[in-house]
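*Asks:* Below are the chains, spelled out letter by letter.
Protein chains: 2
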Amino acid sequence: MSVTAAKGFTAAGIAAGIKENGNPDLALVVNNGPRRAAAGVFTSNRVKAAPVLWSEQVLKSGEVSAVVLNSGGANACTGPKGFQDTHATAEKVADTLQVNAAEVAVCSTGLIGVLLPMDKLLPGVETAAAQLSEHGGEKAAIAIKTTDTVHKTSVVTKDGWTVGGMAKGAGMLAPGLATMLVVLTTDAALDSDVLDKALRAATRTTFDRVDSDGCMSTNDTVLLLSSGASGITPEYEEFAEAVRQVCDDLGQQLIRDAEGASKDIKVEVINAATEDDAVEVGRSIARNNLLKCAIHGEDPNWGRVLSAIGTTKAAFEPDLLNVAINGVWVCKNGGVGEDRDKVDMRYREVHIVADLAAGSETATIWTNDLTADYVHENSAYSS
Amino acid sequence: MSVTAAKGFTAAGIAAGIKENGNPDLALVVNNGPRRAAAGVFTSNRVKAAPVLWSEQVLKSGEVSAVVLNSGGANACTGPKGFQDTHATAEKVADTLQVNAAEVAVCSTGLIGVLLPMDKLLPGVETAAAQLSEHGGEKAAIAIKTTDTVHKTSVVTKDGWTVGGMAKGAGMLAPGLATMLVVLTTDAALDSDVLDKALRAATRTTFDRVDSDGCMSTNDTVLLLSSGASGITPEYEEFAEAVRQVCDDLGQQLIRDAEGASKDIKVEVINAATEDDAVEVGRSIARNNLLKCAIHGEDPNWGRVLSAIGTTKAAFEPDLLNVAINGVWVCKNGGVGEDRDKVDMRYREVHIVADLAAGSETATIWTNDLTADYVHENSAYSS
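Chains as they are written, first to last, in this note's numbering: chain A, 4 to 386; chain B, 4 to 386.
Treat the hints with care, since some could be wrong.
[As the list claims (entries may be wrong)] Calculated cross-link-like contacts (lysine-lysine; reagent style DSSO-like; alpha-carbon spacing at most 27 Å):
no., chain 1, residue 1, chain 2, residue 2
1, B, K269, B, K316
2, A, K316, B, K316
3, B, K10, A, K316
[Unchecked claim] Simulated restraints, written as ranges between beta carbons of each label pair:
no., chain 1, residue 1, chain 2, residue 2, range
4, B, L56, A, E341, 21 to 27 Å
5, B, L56, A, H354, 41 to 47 Å
6, B, E301, A, T160, 46 to 52 Å
7, A, T277, B, E241, 47 to 53 Å
8, B, Y350, A, H90, 40 to 46 Å
9, A, R259, B, S363, 34 to 40 Å
10, A, A204, B, D376, 39 to 45 Å
If you're looking for bench data, these hints aren't it; they were derived computationally from the structure. For glycine and all other residues, C-beta sits at the position ideal for the given N, C-alpha and C.
Chain A on its own, in the form it takes in the complex (with noise of 0.2 Å):
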């Protein structure tokens, strides 16, 4: 399903022998209209890859009829030549669907700091386009895997029209937005404008609080295009929350499959003087590398967490604070609360709900845990 399963797009996956091992490492999304309104949403890292600097661009147009995606590469940190490389992708794409270049995204993802070859990924652009199908979601969601050992997709039906998409990220797993490539389709007849409205407030409160390990990457991109093939032009609040569904499925997806992790954690912070301030200290929490060790020991460590929340500059009052952790409250008013030994952290999802005790906002935000195979993934493997 995936990026197919709305009408009006056709995709493809394929090994175009970009990555050493053989597996595919290319794919194609193609909008074949009638519309070809898009939006996006990209890292706000500094140091953005060719291929965000070029998608940039592209998305000012409000209009994409093709994005190509390869893995194996992330041709950022690559100057000029790596630019010239990401335009010479786009001009390959359009030559051969016979559309703009300048309506051509591209996505690469893989090692910093190193050209793509491009005597293989230019073939690969005509093997993927012979084989572009209405069912190719699929394979276009694999082949933009990197050290995801799954591939992911979700998709949203509601009358008449659908959102689907589908995603690859597994480390370097952090907000502004996670390192990770997505590419939403719907076949809903809608403006770019609206599209960018829906997809911005999506992203926000999905993939924005997605934040395995703290770092951000340089290649982060989120696009979101309509055929409009449906015919039908849904309420802006009915689409709005369909997008959100599918980012939220995608972005749960990300962290199932976090590089190493053995726990999904959700941190939640509650009765916070303002959002802003329930996201700062949900993020200070999900990076704390001694809680986050903690929790792979399943040790309800709550003055780790108080300790996190201290370093903010959030509202709160260090006698007042309360902390939950799988339902227990361990931590009351700043103290020692209910007997931490009945706080059970068998099972993989661990449930952190920090109360500040200073509003009535609250943000979620999602981590994993801190783990030897996190630390073995990534001594060993250069990405």
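Assemble chain B onto chain A, guided by the hints.
*Replies:* Just chain B now, kept in the frame of chain A:
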């Protein structure tokens, strides 16, 4: 040597039974004058342990007669009872030594969220007082260890006067200050305002730039006590430099003994527009888990350095960034530089230079690699 290297001080370190394993856990440092001038710097964590709240008040007078330190329990997040325990500890020291309780600083380190065993701690104060000696500095340094594998002391002797000190700290090591207790002593004859100025200047560029694991403690304390017993009042600059040297040496000892670490990483940011920019970039690099894993794997992964720089607000142009690892400029002008295979990473110390090409300011942050041993120690040890 340690805190008794300077004239006018006695110290002791004993096993009071706070630690279940019977290791030394209580230290006493006494200033026998003629002066009792003192200065202190404390954690900027807003969740502060009871002894920090107490000692901050004590230091306001600029006078400290004695410091009592315990390992085996941080007395943090322990509510009103925890503060009463700190107060009772200071009163016990005051009674035993016949000094004013308002001049007794208290420091604690160990597990957060657990009350101290006062039935063992208070008798321990008497035992320690009975063993006070001009040669007790080393025993005091041993008694404040937690997960430290070695005790840390440092001494600088100048023309007739001395600055010496001890430190503990191995985990939750991050700025503002590192998770650590430090007591410095001098027999130079100086007022508390001069001590304060010299101590803040020293910690700003030493302990505050030690960032082993990004986790800021609730208990960090650095104290500087002057007995004036040398009768000598040195020039401020000479004294400040001696304090800085002792702080720098102790900070280095903390990094070398950081939990689970196999590498000591010197992150030097050069050509920054401002010192604040240099520190922000240095910290961002030092806290990047992916980079810390790569260094553990002896992988000169400069792409992770650039992606960390890109998350900051510092002044720089991505295309002008340069990065050297152990003397090899692996990244030039934001792209591929010298051959990364030339980088020799076999030794414990790793030197990363990040050239922002945006000015002439510089800062150095020290950190450690991220290892499976760190994960193991912090998922198994509740602290």
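*Asks:* Within 46 to 52 Å or not, the Cβ separation of B:E301 and A:T160?
*Replies:* 50 Å, holds
*Asks:* CB of A:T277 to CB of B:E241, is that within 47 to 53 Å?
*Replies:* About 49 Å separates the Cβ atoms of A:T277 and B:E241, which means 47 to 53 Å holds.
*Asks:* Quick one, are B:K269 and B:K316 close enough, alpha carbons at most 27 Å?
*Replies:* 21 Å, holds
*Asks:* B:K10 and A:K316: Cα distance at most 27 Å?
*Replies:* 43 Å, violated
*Asks:* Is the distance from the Cβ of B:L56 to the Cβ of A:H354 consistent with 41 to 47 Å?
*Replies:* 31 Å, violated
*Asks:* Look at the Cβ atoms of B:Y350 and A:H90 and judge whether their distance stays inside 40 to 46 Å.
*Replies:* At 43 Å between Cβs, range holds.
*Asks:* A range of 21 to 27 Å was offered for this pair. Does it hold for the Cβ distance of B:L56 and A:E341?
*Replies:* 25 Å, holds
*Asks:* Evaluate the given range 39 to 45 Å for the C-beta pair formed by A:A204 and B:D376.
*Replies:* 43 Å, holds
*Asks:* Do the alpha carbons of A:K316 and B:K316 lie within 27 Å of each other, as the hint requires?
*Replies:* 18 Å, holds
*Asks:* Range first: 34 to 40 Å. Now tell me if the beta carbons of A:R259 and B:S363 are that far apart.
*Replies:* Given about 47 Å between the Cβ atoms, the range is violated.
Checked against the numbered hints listed earlier, the structure breaks hints 3, 5 and 9; every other hint is satisfied.
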